[in-house]
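Protein sequences, first through last, are from chains A and B. As numbered in our numbering, residues 74 to 432 make up the first sequence, in order. As numbered in our numbering, residues 74 to 432 make up the second sequence, in order.
To be clear, the hints were calculated from the coordinates, so they are not data collected in a lab. Be aware that one or more of the hints could be misleading.
[Stated by the list, open to error] Below, simulated SDA-like cross-link-like pairs (lysine to any residue); rule was C-alpha separation at most 25 Å, straight line:
id	chain 1	residue 1	chain 2	residue 2
1	A	K303	B	Y229
2	A	K108	B	E150
3	B	K158	A	T306
4	B	K106	A	D304
5	A	K158	B	A227
6	B	K158	A	G327
7	B	K106	A	G372
8	A	K158	B	K106
9	A	K158	B	N223
10	B	K158	A	P219
11	B	K106	A	T306
12	A	K108	B	G309
13	B	K158	A	E144
14	B	K108	A	K303
[To be verified] Far from chain B, by Cβ distances over 10 Å, these chain A residues were calculated:
id	residue
15	D136
16	P141
17	E144
18	G192
19	P283
20	E357
Idealized CB from N, CA, C, for every residue including glycine.
Here is what each chain is made of, one letter per residue.
Protein chains: 2
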Amino acid sequence: MKTLNVALADRSYPIYIGEDLLSQPALLQKHIKRKEVLIVTNDTIAPLYLDKVRSLLAGYHCDAVVLPDGEEFKTLEVLNRIYDKLLSERFSRRVTIIALGGGVIGDMAGFAAACYQRGVPFIQVPTTLLSQVDSSVGGKTAVNHPLGKNMIGAFYQPQCVIADTSTLNTLDDRQLASGISEVIKYGLINDSEFFDWLEANIDALKMRKPEALAYAIERSCQDKADVVAKDETEQGVRALLNLGHTFGHAIETGMGYGNWLHGEAIATGMVMAADLSARLGWLEQAALSRIQAIFKRAGLPITGPEAMSAQQFMDLMAVDKKVQDGVIRLILLKGIGQAVISDDYDPAKLQQTLQYFQG
Amino acid sequence: MKTLNVALADRSYPIYIGEDLLSQPALLQKHIKRKEVLIVTNDTIAPLYLDKVRSLLAGYHCDAVVLPDGEEFKTLEVLNRIYDKLLSERFSRRVTIIALGGGVIGDMAGFAAACYQRGVPFIQVPTTLLSQVDSSVGGKTAVNHPLGKNMIGAFYQPQCVIADTSTLNTLDDRQLASGISEVIKYGLINDSEFFDWLEANIDALKMRKPEALAYAIERSCQDKADVVAKDETEQGVRALLNLGHTFGHAIETGMGYGNWLHGEAIATGMVMAADLSARLGWLEQAALSRIQAIFKRAGLPITGPEAMSAQQFMDLMAVDKKVQDGVIRLILLKGIGQAVISDDYDPAKLQQTLQYFQG
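Using the sequences and the hints given, assemble the complete structure.
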């Protein structure tokens, strides 16, 4: 087992990464202060792992709420079911909430924990590659609003993250690829050495070789933790982690939540950011080709949705969080491993990229 | 104008108290970083003060959302109307939210600000005595849930509080008395000198003498700010501020939100806490009589609702936040100005108090 520490002063917490961590009661128990636990999971994960996690908590006041699976249920209304359960079962403000599932469950359980009685402890048990490398690190929690993704949420850190790599064996191929998309992102942002490693090992990841997966998770979490430690509430460098997300969120919203997986949408989003960077003369054509190639080999989309026009992209991007004073701030690339935050680019080039990627 | 500073490290903020502060554009403007503002108010306050506040912000991108007035609308559903407005008008994460109204508006606008795009700045402009002395100080924000009051919320500090005492002239007598209830609370908790002052000046407050009101607001805010500075997230002494609230919340929930005003419910709640303290032998009979007398002179209820039984009180109190490990933790009195947190009392005496106060 590997242990990474996310350094955030009194909100620091460990990330445990390894095989079969959900067979170790002590690992979970030592992060639960009182013996009151609510497990939040979904109807895909519950049949696979809920009993296993419950069995780690014998003798605890332990209950579970099982939500419907899917990004389209990441809403205030569904969030309220967690509060209904907490209150109808009379959980006190000493309850620990466990998020058992992917990124949607982590976001919702984390946000519920941030707000229940103005804040109770929570623990992340991510069961997808995407959530193990991304949404379990950094404390972002949120639900969606019909007019925008992740618009209602909080920065709220867990007590610990338990990333059991054995849970990845039950992922379908599309979900796995969606996670690989986020892994590639860390290489692109500021770790070109890792990007090289990924080019050499993309097939091993797709074949779920345990050592390759564990290494990719550890390195991604370390890369992300380093950025988050510098800028917890995204006033500056943390925004780099949004590479591909402004384009990607527009695709997710435009196509309806859940039709494109998050990792798929940001794969196309990152290719769009690379395309724009190349048009601006910031990124070499050879680098753009390498970027397109690795996403394609991972089984991820690198072209925009048929159904979306350039105008629709613009409208949806304008409502995204990364807008300051009316200019769409984007994360662009000056090279592989050299992402930059910029609102100082030629908007005509952005139009060209959108037209190139429109359906 | 008086200025108090609430000392909370990088979350410190000033409270301005005085006549006609809403005629001073500079006071408000200096706390707004970008010229994007959403005013959250209700349909009672909007006709009185919305244009006045808008006029302070000429040249700003300024919009308003007017919610229905009343505690029964302090829900997740109504909260969502604030998000609808923020998103449909494309407010960025640089927006400043202004809460213009009483405690309900402050709680909802503050909670909306805490969660919109994971946190945007907000400013409190409390227009009731209750909110000027209580809910605008300390950063508690929340909405209610059908199973309990203030169960979903956040600790979130404003940029500043502007308590314009001129706005109290439009309060009805019942609302004014409700605010006086909270003022008396500060005397009871840890300021017996202030309690003495209140006994001498209760009629001046009821007659809305400006100097008496300003002094009462300033001293209440100072007393509260001192407690909050010691314990921002209510791990310890801050719980003293809940004197009367466990009983009071049971009354508010049991009678339906909005039928008893908050200050009315906690007035009876404080008398119940004093009654129990006397039964336990912790509080002298003479002190109990003084407490009953001052609430009565203020025009506040000192007996429980006709419709509530002792059992109903117990059931509702058990779901309150102040329950730890199954014991109802209460704020009790060892004297006027000497509140204590206790779960070490004879539960039979609590039963006696509930039976004495049941309808």
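Hints, verified against the model:
1. K303(A) <-> Y229(B): holds, 22 Å
2. K108(A) <-> E150(B): Given that 25 Å is the threshold and the Cα spacing comes to 32 Å, the pair is violated.
3. K158(B) <-> T306(A): Holds - the C-alpha atoms of T306(A) and K158(B) are around 24 Å apart, at most 25 Å.
4. K106(B) <-> D304(A): holds, 20 Å
5. K158(A) <-> A227(B): OK: K158(A) and A227(B) at ~19 Å, within 25 Å.
6. K158(B) <-> G327(A): holds, 20 Å
7. K106(B) <-> G372(A): violated, 45 Å
8. K158(A) <-> K106(B): Measuring from Cα to Cα gives roughly 40 Å; hence the hint is violated.
9. K158(A) <-> N223(B): Holds, at roughly 16 Å.
10. K158(B) <-> P219(A): Holds, because 12 Å separates the two Cα atoms, which is no more than 25 Å.
11. K106(B) <-> T306(A): OK: K106(B) and T306(A) at ~17 Å, within 25 Å.
12. K108(A) <-> G309(B): The given pair, whose Cα atoms are some 21 Å apart, holds under the 25 Å limit.
13. K158(B) <-> E144(A): Within the cut-off at roughly 23 Å; holds.
14. K108(B) <-> K303(A): It is violated: about 28 Å lies between the C-alpha atoms, which goes past 25 Å.
15. D136: Since the minimum Cβ distance to chain B is about 15 Å, D136(A) lies beyond 10 Å and the statement holds.
16. P141: holds, 19 Å
17. E144: Label holds. Min Cβ-Cβ 18 Å, cutoff 10 Å.
18. G192: violated, 7 Å
19. P283: holds, 35 Å
20. E357: Check passes; 33 Å lies beyond 10 Å.
When each numbered hint is compared with the structure, violations occur for hints 2, 7, 8, 14, 18.
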